[in-house]
Amino acid sequence: MFANFDFDVIRRSLAYLFLDGMTFTLMLTALAGLGGLAFGTLIAMMRLSGFALLARIAGLYVDFMRSLPLVLVIFWFYFLVPYIGQWLTGASRPIHVGAFASSLITFIMFEAAYFSEIMRAGIQSISKGQPSAAQALGLTYGQTMRYVVLPQAFRNMLPVLLTQTIVLFQDTSLVYVVSIPDFLGAASIVAQRDGRLVEMYLFAALVYFAISCVASFGVRQLQAKIAVVR
Amino acid sequence: MKTLHILGLALATVLGVSQAGAEELTGTLKNIKDTGAITIGFRDSSIPFSYLDDHQQPVGFAMDICGKIVDAIKNELKLDKLEVKLNPVTSSTRIPLLANGTIDLECGSTTNNAERQKQVAFTNTHFLTASRFVAKKANNLSAIDDLKGKSVVSTAGTTNIKQLTEANAARNLGINIIPAKDHAEAFLMVETDRAAAFVMDDILLASLVAGSKDPSAYAISKDAFSKPEPYGIMLRKDDPAFKKLVDAATAKIYTSGEGLKLYDKWFMQKIPPKGLNLNTPIAPELKAEFAKPSDSPDPDSYKAM
Amino acid sequence: MNYHWNWHIFFEPDPTGATTYLDLLLRGLLLTIETALFAWIVALVFGSIVGVMRTLPSRSASWFGFAYVEFFRNMPLLVQLFLWFFVLPELLPRSAGLWLKQLPNAPFYTAGIGIGLYMSARVAEQLRAGIGSLPRGQRMAATALGLTRAQVYRYVLLPMAFRIILPPLTSEFLNTIKNTAVAITIGLIELTGEARSMQEFSFQVFEAFAAATLLYLLLNVVVVTAMRLLERSVAIPGYISGK
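Those protein sequences? They're chains A, B and C, same order as listed.
Every number in my numbering is 852 more than the matching position in the first sequence, counting from 1.
Every number in my numbering is 20 more than the matching position in the second sequence, counting from 1.
Every number in my numbering is 598 more than the matching position in the third sequence, counting from 1.
Derived by calculation from the structure, the hints in this document are not laboratory data.
Any given hint could be a false lead.
As the list claims (entries may be wrong) - Distance ranges between label pairs, derived from CB positions:
(1) B:K294 <-> C:S693: 30 to 36 Å
(2) C:H602 <-> A:S979: 40 to 46 Å
(3) A:Q1004 <-> C:S731: 24 to 30 Å
(4) B:V104 <-> A:S901: 46 to 52 Å
(5) A:S979 <-> C:E632: 45 to 51 Å
(6) A:S1068 <-> B:G194: 30 to 36 Å
(7) C:P766 <-> A:R908: 22 to 28 Å
(8) C:F669 <-> A:F1006: 26 to 32 Å
(9) A:L894 <-> C:F664: 55 to 61 Å
(10) A:S1068 <-> B:A303: 55 to 61 Å
(11) B:A163 <-> C:L812: 39 to 45 Å
(12) B:D234 <-> C:R747: 56 to 62 Å
(13) C:F664 <-> B:K101: 56 to 62 Å
(14) B:D234 <-> A:I1078: 28 to 34 Å
Note that the Cβ used here is the ideal one computed from N, Cα and C, for glycine as well.
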C-alpha cells in the first residue's frame, strides 16, 4: 500500500514547512489569542456592565460573530480591511494591509466573541461578596475589576481559555481558503507542486495532532493542579 | 524613433516631477513614494509566467517583466531604495486584492478582456493564448463535445471556467464543472483521475504537462474555447499617472528587444526548477505586438505583421 | 471609495444565462442545509454510540471512546476533510479508489461524513456529560428492577440524558451548519462557495458576501427557534430541563 510513496519529500521540505509555515501559524495563534482575550474580556465587561446600550451592542456583536462560519469571516476581512482602513484614516485609497495583519485582525475579532462568553461565565462565577467587599474597601469599579474580579476570573477559566486557544490553533488552518501560507498552506503548496498529496497531508495531520494532543494534555494537568486551589 | 519618443517623454515627466510642487504624485505612485515599498502579486503555478521554484521563490516571464517595471518606477520616483513585497494571489483573489490595495501590480497570466477592464486596468500585452483542455490520452478526448457528461475541472476566477460554463449551457453538455483553487491542484485532479479534463490557457497546459511525472500520458485538445486572448499585467483602474509609467516601461522592454530576450529565456531554454525546456517559438502575432505594444482587450486586434 | 455598488446584481443572470445570482445563492443555501443535516445524522449516530461507550463500566470500551474523541478533536476539520477526500482514495485498492474519486457527488458525501465524524466526537462528550449528570440512583434502581444493561440505557438513562443535553446539542448543530463552509476546499459549492463564485464572475464582492451573511443569520434564527420549540415539546415537567 505504501510502496510508491515518497516520504523523502517531507524531509526535503521540512525547513520551508516549519520555518515559514509553522512560524506563521504559531505567531498567529499566540497574537490572536492574546488579542482575542483582551478584546473578549472588554466585550464581556460591556455585557455585564449596567448600561443597557453597551450590553446590547456587545450582545449583538457576540451573536453575530457566532452565527457566521469562520470561512466567511475570513473572506470578509481579507477583502474588506483595507477599505475600513481607508474609511478610518480618511485616505484617498484603500490602505495596504498584508496577509498576516489581515488574518490577525480576522481572528482577534472572531475569537473575541468566543473568549467573551468564557470570560463572562468566569466573571459571573465570582461570588457577589467579592465586588461588594471591594466596594466596602473604597475601590472604584475599575480597580475592583482590575485587582479583585478579573484575576480570579482568569484563574478559574484558565483551562477553558487554553482549550479555546487550542481550537484557535486548529482554526488558523482555515486561512488556506485565501491562499495565505500557514503550515497547512505550505504543506499544500509542496503537495501540489510535487504531486505528493498523501505524504504531505498525512504529515500535516500528524503534526497538528501531535501539537494539539500535547497541548490538551498540558491543559488537563493544569486543570488538575489548580482545581485543588479552589 | 519610438524609443526616442519614449525617452523624451520620460525625461519630460522626470523634469516635470522634479519641479517643486508643480506636479503632485497621486494614487499608487504617491503610495509607493510614501511607503518606499511596492507589493507585487504572484502566482504559485502559472508556469512559466509566475510560479514558485523549489526554494519557494516566485520566478517567471511576468515576474522578470515586473522586475523591470519596478526598476523604472524606482528611477522615475528617484528613490534610493524600493522595497519589493511579494503577495501570493490566485485567479479568484487577484482582482479583489488589486482593488483593495493589498497588491499594486499583478504579475501572472491574467487575461485582458473588456469585462475585466471595468474593474481593473492592464498594461501592454505580454502573451497571447487560447483556451483549451488537457486530458489523459487514453480517454481519447479531443473535441469540446467529447466532454459530454464528464467531470471537468478549471481554476476558479478564470475566463476559462467562465467559457466552460457558457459552453456547457450553450451546447447542453451536462458537464460536472469542478472549480479548483489553482492550476496545480486542477492538473492534479486530472492526474489522479478525479476529473476527465482540465480547461485552461494552452500555454499553461503545455507547461504543466511538460513538468508532470509522465508527459506522454496527456494530450491537449485540438478544439479551443476561444481565440488567442492577450495576457496583461494588471494594475488599478483610475490611476492614469501609474498606468502611463507602467505602459512606458513595458513598451520600452518590448520594443527594445529585451522582451524577445526574456521570451527566449523562459520559452526556449531550460527553466527552474527541473530544467524543463518548453520549446515554444514566439507566435507571429506576439512578435508583431512586441514591435507595436498594445493593451487592447480585443483578440482580433492582434495580427501577424 | 473606488468600488462600484450594484445591488441589482442579484437579479442579473449568471454566466450560464440559465439562472439569476440570487437563485445560485439559494441553491447554495439548500446544499448547506442538506450537508448539515446529513452530517448531523452521522454525528448523532456515531456520537451516541461513543458517548454511551464512554460511560460503560468496561475499561476497553471506555478507552476506545477516549481515543476516538481525542483523535477527532485534535485535528483541524480542514485537515480531516483533506484526509478523507485526497488521501483515502489513494490508500485504497485502485478500483475502489477510482470509484470513490469519480462518484458524482463526492464532495457532498465526503463533507457529510467528514464533518459528521468530527462533530460526533463533540456529541459523544456532551452525551457523556449528560449521562454523568444523572443521579447514580437511576442506574442502580433500574438494575434493581431487573433491567439488562441495554434496557437501562434505552428506557432510563438515554431519554433523560438527551433531554438534558438538548441546549448544548443545539449549539453543536449550529456549529455543524457553520462547519459546512469548510467543505468549499474540497469542492462543495454550498452557500459560501456560491457567494465566492458570484464574487468571481460578477466582481461584486460586498453584495455577494452580504447576501451570504444575511442568509446564515436567517438560518441561525430559524434553527434556534425550531430547537427551542423541540425543547419545550419534549420537556419533562418538574425536571431541571423542563421550563
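Original post:
Using the C-beta atoms of F664 (chain C) and K101 (chain B), is the stated range 56 to 62 Å upheld?
Top reply: holds (58 Å)
**OP:** State, for the Cβ atoms of Q1004 (chain A) and S731 (chain C), whether the hinted interval 24 to 30 Å holds or is violated.
**Re:** holds (26 Å)
**OP:** With 56 to 62 Å as the target window, see if D234 (chain B) and R747 (chain C) comply at their CB atoms.
**Re:** holds (58 Å)
**OP:** Kindly confirm whether 55 to 61 Å is satisfied by the beta carbon distance between S1068 (chain A) and A303 (chain B).
**Re:** holds (59 Å)
Subject >> Supplied distance hint 22 to 28 Å, evaluated on CB atoms of P766 (chain C) and R908 (chain A) >> reply: holds (25 Å)
**OP:** Determine whether the Cβ-Cβ distance between H602 (chain C) and S979 (chain A) falls within the hinted range of 40 to 46 Å.
**Re:** This hint is violated: roughly 57 Å between Cβ atoms.
**OP:** With respect to the beta-carbon atoms only, verify the hint that D234 (chain B) and I1078 (chain A) lie 28 to 34 Å apart.
**Re:** The hint (28 to 34 Å, Cβ to Cβ) is violated, given that D234 (chain B) and I1078 (chain A) are roughly 59 Å apart.
Original post:
Could one say that the CB atoms of A163 (chain B) and L812 (chain C) fall in the range 39 to 45 Å?
Top reply: holds (43 Å)
Original post:
Okay, L894 (chain A) versus F664 (chain C) on CB: inside 55 to 61 Å?
Top reply: violated (37 Å)
Original post:
Measuring from beta carbon to beta carbon, are F669 (chain C) and F1006 (chain A) in 26 to 32 Å?
Top reply: holds (31 Å)
Original post:
Has the hinted range 45 to 51 Å been met by the Cβ atoms of S979 (chain A) and E632 (chain C)?
Top reply: Given range 45 to 51 Å: holds, Cβ gap about 48 Å.
**OP:** Indicate whether the distance between the beta carbons of V104 (chain B) and S901 (chain A) respects the range 46 to 52 Å.
**Re:** Because 48 Å falls inside the window, the suggested range holds.
Checked against the numbered hints above, the structure violates hints 2, 6, 9 and 14; every other hint is satisfied.
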